Amino acid sequence: MDDITALILEDHHRFRLGFARLDDARTPEDLEAIWAPLALHLDIHADAEEEILYPHLLKDAGGDDAEEETDDAIRDHNKIRDGIEEAGRHPVGSDAWWKGVWQARTENSEHLAEEEDEVLPDFRKHASRELRFELGALWLRFFAEHPQGKGLSFADKDPAKYIEEHK
710 MDDITALILE DHHRFRLGFA RLDDARTPED LEAIWAPLAL HLDIHADAEE
760 EILYPHLLKD AGGDDAEEET DDAIRDHNKI RDGIEEAGRH PVGSDAWWKG
810 VWQARTENSE HLAEEEDEVL PDFRKHASRE LRFELGALWL RFFAEHPQGK
860 GLSFADKDPA KYIEEHK
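Numbering (the numbering used here) for the sequence shown: 710 to 876.
Since the hints were derived computationally from the structure, they do not count as laboratory data. One should not assume that every hint holds.
Think about it this way: if two alpha-carbon atoms lie no more than 35 Å apart in a straight line, the pair counts; the simulated DSBU-like pairs of lysine-lysine are [to be verified]:
hint, residue 1, residue 2
1, Lys808, Lys788
2, Lys870, Lys834
3, Lys788, Lys870
4, Lys866, Lys808
5, Lys866, Lys834
6, Lys870, Lys768
7, Lys870, Lys808
8, Lys866, Lys768
9, Lys859, Lys788
10, Lys808, Lys859
11, Lys788, Lys768
12, Lys859, Lys768
13, Lys834, Lys768
14, Lys876, Lys768
15, Lys859, Lys834
16, Lys834, Lys788
FRET-style restraints, in silico, Cβ to Cβ [said to hold, decoys possible]:
hint, residue 1, residue 2, range
17, Leu840, Glu776, 26 to 32 Å
18, Asp769, Asp733, 23 to 29 Å
19, Ala805, Asp732, 17 to 23 Å
Being a predicted model, the structure only gives us computed values, none of them experimental. Glycine included, every Cβ here is placed at the ideal spot set by N, Cα and C.
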């Protein structure tokens with residue numbers, strides 16, 4: 710069994726590696742081969758966090774800052790999705806494509822830092838070990854039930870509405 714926080718950190722590492730690989734790619738074909746799975750993983754990861762982690766952070770495992778942290782995370786996810794969508798509107802490797810990728814990258818970097826420095830430590834302090842392992846199993850199941858993002862919309866969410874629905 711895996712702790713959900715460890716699984717999230719593994720994804721964060723993969724994101725950093727993916728963006729670093731983009732730095733080294735030289736052809737549009739290489740860029741596409743790296744970007745397509747990276748963008749999809751970013752989208753699936755955001756949906757998984759919104760489905761599994763953040764509802765529990767709000768309800769019982771986030772401490773005093775849970776609503777603020779959740780609001781910030783949903784806004785970050787929306788900005789990352791917007792960057793992915795922007796990149797998808799342009800030829801791979803073009804300046805406009807890079808602009809969308811850069812938006813996704815910078816928003817993602819900020820989001821990872823906030824999650825690793827604030828959200829996940831708060832969650833570890835307030836969630837039982839059993840809950841973290843239970844959510845880890847749900848996390849793995851989420852990815853298995855949505856191969857290649859099947860059935861997910863990757864739609865932006867209204868942070869206030871999300872918090873109201875999940876607290």
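Subject >> Distance restraint between Lys834 and Lys788, which requires alpha-carbon spacing of 35 Å or less >> reply: 28 Å, holds
Original post:
CA of Lys870 to CA of Lys808, is that 35 Å or under?
Top reply: With a Cα-Cα distance of about 30 Å, the restraint between Lys870 and Lys808 holds, given a limit of 35 Å.
Original post:
Are Asp769 and Asp733 spaced within 23 to 29 Å by their CB atoms?
Top reply: 43 Å, violated
Original post:
Is the Cα-Cα distance between Lys859 and Lys768 35 Å or less?
Top reply: Holds, at about 28 Å.
Subject >> 35 Å limit on alpha-carbon distance, applied to hinted pair Lys866 and Lys834 >> reply: 27 Å, holds
Original post:
Under the criterion that the straight-line Cα-Cα distance not exceed 35 Å, is the pair Lys788, Lys870 satisfied?
Top reply: Holds, because 17 Å separates the two Cα atoms, which is no more than 35 Å.
Original post:
For the pair supplied as a hint, Lys866 and Lys808, is the alpha-carbon distance within the 35 Å limit?
Top reply: 23 Å, holds
**OP:** Kindly confirm whether 17 to 23 Å is satisfied by the beta carbon distance between Ala805 and Asp732.
**Re:** 18 Å, holds
Original post:
Within a Cα-Cα threshold of 35 Å, do Lys859 and Lys834 meet the stated pairing?
Top reply: With Cα atoms ~33 Å apart, Lys859 and Lys834 stay inside 35 Å; holds.
Original post:
Is the gap between the beta carbons of Leu840 and Glu776 within 26 to 32 Å?
Top reply: 19 Å, violated
Subject >> 35 Å limit on alpha-carbon distance, applied to hinted pair Lys834 and Lys768 >> reply: Since the Cα atoms of Lys834 and Lys768 sit roughly 14 Å apart, the hinted pair holds (cutoff 35 Å).
**OP:** Would you check the hint for Lys870 and Lys768, treating anything up to 35 Å between C-alpha atoms as holding?
**Re:** Distance of about 15 Å is within 35 Å: holds.
In this structure, the earlier hints numbered 17, 18 are contradicted, and the remaining ones agree with it.
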